[in-house]
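J.: Using the sequences and the hints given, assemble the complete structure.
Which chain is which? The protein sequence lines are A and B, in order.
If you're matching positions, the first sequence starts at 73 in the numbering used here and goes up one per residue.
If you're matching positions, the second sequence starts at 1228 in the numbering used here and goes up one per residue.
There's no promise every hint is true.
[Said to hold, decoys possible] Okay, derived cross-link-like pairs now, BS3-like style, lysine-lysine, Cα gap no bigger than 30 Å in a straight line:
id: 1; chain 1: A; residue 1: K300; chain 2: B; residue 2: K1658
id: 2; chain 1: A; residue 1: K300; chain 2: B; residue 2: K1331
id: 3; chain 1: B; residue 1: K1624; chain 2: B; residue 2: K1662
id: 4; chain 1: A; residue 1: K300; chain 2: B; residue 2: K1623
id: 5; chain 1: B; residue 1: K1623; chain 2: B; residue 2: K1607
id: 6; chain 1: B; residue 1: K1662; chain 2: A; residue 2: K381
In case anyone wonders, no lab produced these hints; they're calculated from the structure.
Here's the letter readout for the chains.
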Amino acid sequence: MPRFVLRRLASGVVLIVVITAATFFLLHASGGNIARRILGQEATEDTVVQKTHELGLDRPVLTQFREWLSSAIHGDLGASWFTSQPVSEAISSRLQVTLELVIGATIVSGIVAVALGVLAATRRGWIDRFVQFLAVLGFAIPNFLVALALVTVFAIHFKIFKPTGYTGLEEDPAGWLSTVTLPIIALSVGSIAGVAQQIRGSMIDALDRDYVRTLRSRGLPESRIVYKHVLRNAGGPGLAMLAVQFVGLLGGAVIIEQIFAIPGLGQVSVGATSQGDVPLVMGLVLATAIVVVTINLVVDLLQGYLNPKVRLS
Amino acid sequence: MTSLRRRLLRNPTGIGSLVFLVVVVLSAVFAPLLAPHDPNTANAYDTLSGPSGKYWLGNDGSGHDVLSRLLFATRLSVTLTAETLVIAAVLGIVLGLLAGYYGKIFEAVGTAATSLLQALPAIVVLLAAKSVLGPSDFAAMAVFGVLIAPAFYRVVYSAVSAVRGELYVDAARVSGLSDPRIIGRHVLTVVRAPAIVLAANIAGISVAISAGLDFLGLGDPSIPSWGGMLNDGFTNIFTQPLLVLWPSLAIGLTCVAFALLGNALRDELERADGAPKRRRRVKQAATVAVAPAAVIAHDDAPEEPGTDLLVVQHLSVGYGTPDGSVKTVVEDVTLTVRRGEVHGLIGESGSGKTQTAFSILRLLPSGGRIVGGSITFEGKDLAGLSAKEMTALRGKKIAYVPQEPMSNLDPSFTVGSQLVEPMRIHLGLSKSDAKARALDLLARVGIPNPGRTYAAYPHEVSGGMAQRVLIAGAISCDPELLIADEPTTALDVTVQAEVLDLLRDLQRERRMGVLLVTHNFGVVADLCDRVSVMQSGRIVETGPVRAIFAEPRHEYTRSLFDAILPDAEARGALPGVTSSGTLGEGVTA
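T.: In C-alpha cells form, the structure reads like this:
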C-alpha cells in the first residue's frame, strides 16, 4: 500500500514538473517584449531594457526556469508583474473559493448521478430512456448556458438566489449557500450526465453477473443487492468517470465564476492571461496541476477501497 | 459505410439533427446574402431596441443588428469547429494509426502525450495559450484541436491494435502489400465509423468551447461571435432580456444537434454490429421443436402421502422476442422431488434443465417468465407468489448451488461477509453468532483453514474452495430443498469427486430434498434416487435411477448412456455405468 502511494506520488510530481516546464518554455518562447507590455507604450527604451534586466528576462530560459522551480519548491512563486502582489497570496484565497464550488459540484453530481443511474439501470423502460435523453442534453448544453438560464429564472425573475457575488462560508453560511447554489447546479449538470451514463452502464453490466443471481437465491432483499452489492461493483467505473469530470469542473468553474462574479481562480486566470502575467499564469497552472494530481491520487485510493483486487496489486 | 449513411437517414433523431446542422452550415456560407444589414455597422441612436420590422431580432448594446450578427457569427463558429476537427482528426488518427500498427515507440509517445494533455482542464491550457497567442480565436481553437486529439488517438489506437493481429492483415502482409496500402485498405476501414461518431461529439464540444472563450471576452471583438453576443446580452440582461436568447439558442441547439447526431450514429453502428448482446442462458436453451410425445415413466415406489416436497406440473417457460411472440424453452414439464431424496435432471446443453431449475427459484434471466403450469412447494404455488414472499423463501427454504464457482461470489466482498449476510436476515443471528456459524460451516464443507478463507476475497481462493464456500452458503439456513445446477462441471476432475461426496454427505445428514441438474449420468448414478431425462425443453423419460439404468427405453436416454466412456470403471451395483463424476467428461454435450 505505501509503495503504491509513493509510486503514484512520484509520477504525480514528474507530471507537475513536466507541465510547468512546458508552460514556462511556451510562455517565454513567444512572449514578445514583456517589459514593454508592462511599462506601456510611453516608456523609454532605457527603462524597458532596465525592466527586462530586473525581471531576469535577459538570461537563458533554462536558467530562468531552474530558478522558478527552485523557489517554487521553497514555496515562493514570485510576484505578479503587473500588481507586484505575491502570486501565492493572489492564488491561495481564490483557490479555496474555486475548490468550494468544484467540490460542491462533485458531491452534488455524485449523489444525483448515482440516483439517476441506479434508477435507469433497475427500472429500465421509459425511465431509462428519459434518463438517457437527459444525459445527452446535459452533456451537450454548455454549462454557461445553464448558468445563464438559472440566473434569469431563479435570481432575476424569482429573486430566490443572488445573481452575483460571493459570501464566505465561515462568515455567513446562509449567505454562502445563497451565492454558491446556482453556480454549483450550473457546474453539476454536465458531470451528472456523464457519471449517470457510466453508472447506468456498469450497473446493467453488474446486474447481469452470475453472483447477483446467487445473492438473490440466498434471499437477500432486492434493495440490499442493488445498493450494497451491485452498486459497489459498479462504483469503480463511476468513480473513475467522476474523477475525469472533476478536471472538467475545474475548467468549467473558470467560466461560471465570470457569470456569477465569484472571486475564484477563474477571475485571476482571465485577468492574468489577457495581460500575459507570466508568474501568475505559472502559479495558476501549478495550482491546477497539483489539485488534479491530488484528486487522481485520492481516486486511486478510493478505487482500492472499492475493489479488493486493485488493493492488493 | 454507405449502409450506415442509409440507416442514419431512417433514424428520426439522426435526420432531424443532420437537417438542423445543414441549415447552420448553409446560413454560415450564405451569411452575406442572408444578412439584412452589415453586422458591424453600429447604430448609436438605436441600441437595445426590441424586434421591429427593420431589425427582426432588434439591436444589441452597441446598436448592431442582432440577426445579421448572428448569421455572421455562425460563419465563425462553423469555421472554428471545422478547424478544430481537422487538426484533432489528422493528429489523432495519424498518431493512432502509427501507434496501433507499429506499436513500440509510437505507442509510448502517444500514451505519454495523452496522459499529459489530460492532466489539465482544457480551458486552463487555452487561457495559458491565449496569454501567448493573443485574442485570435483561430489560434486558440488550433490549440484546442491538439488538446482534444487524444480522443481520436485512443479510438483509432484501440481499433487498430485490435485489428493488427487479425489474420487478414497478416495475409495482406504476406501477400506483399506495403504497409501504407494495408493501413489504407484494411485498417482505415475499421476506424472510419467510430471516428465519425467521435467527430460529431467533438464538434459539439468545440462549439461550446469557442463560444465560452468569446463569452469570457477573450476573443477578437471585431469579429461577430455567438459567445460575444451572449456576453453583450448578459451585460444588458436587465434592460433587454431577449438579447441573451438568440445566441443561447444558436449555441445550445447546435451543441445538442451534434450530440444527438453522434448518439444516433452510435446507435446505428451498434445495431449494425448485430442486435443487443444475447443472453447466455437463452442462447443455450433451444426452442422446443420435437413433437410432443408421452413421457416414458418407469414403475415407481408407491408414494407415501405428505412426502412430496416440490411438485412441478405442466411447467412451461418462455422468453419474449423482439417481434412480440414468446419463444418457449421449457414445455409441459412435470416432476416431483420428495423430502430427503435426490432427483436428477439430466440432458444435454440447451435441453432446458437449467431453465427449469431457475424457474423453480423464480430467478429466470430477464425476459424469461413462467408461461404455464404450477410449482408447488410445501403446499404453496411458487409461480403465484409475490416477489417479496419469494425472497423470504429463497435461501431459507430453497437454496441454490451454481455451476461456475468463481463468477458466483461477489468479488468486492469477503467470503465471510457473503456467508454471514443471509444468516443474519433469515435466522436473525447476531454478528458474532453468524460468524461462528459461518466458520463451522466452512469447516463442515472441508475447508482446511476456515478462519483464513472467511477473511479472504473470492479471487484469493481456488475454484474448488469457492464451490465449497457456495455449498456452505446454500446450506447455511438449513433449507428443505437444494437446487444444484451442474455443481461439479466447472471443477478440476480430482475435485469433482470430493464435491460430490460432500453433497451426498450433507444431503443425508440434513435430509434435504435435492434437484440435481447435470449432463452426466455418472453423477446421476452416484447421487440420485430418481432421474428425469430432458430433451429440447421436455421430459422424455423419468423414474427411479435403478430402473432407468437397467432398462433405458427412450432413444435419447440410450444415446446419453452411449456417450459415457465404455472403458470406464464401474462402481456399485449399477451395471455399465462410470463411477462418480470423475470420468463423466465423455457426456459433455
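J.: So, for every hint listed, does it hold in this structure?
T.: Going down the list of hints, with the structure as the test:
1. A hinted pair counts as satisfied when its Cα atoms are at most 30 Å apart, and A/K300 with B/K1658 qualifies at roughly 17 Å.
2. Distance hint between A/K300 and B/K1331 is unfulfilled; the C-alpha atoms sit about 42 Å from each other, more than 30 Å.
3. With a C-alpha separation of about 21 Å, the suggested pairing of B/K1624 with B/K1662 holds against the 30 Å cut-off.
4. Under the criterion of a C-alpha separation no larger than 30 Å, the hint pairing A/K300 with B/K1623 is consistent with the structure, at around 20 Å.
5. Restraint check: the Cα-Cα separation between B/K1623 and B/K1607 comes to about 15 Å, which is no more than 30 Å; the hinted pair holds.
6. Taken as a hint, the B/K1662 and A/K381 pair is honoured in the structure, with Cα atoms around 24 Å apart against an allowance of 30 Å.
Checked against the numbered hints above, the structure breaks only hint 2 and satisfies the rest.
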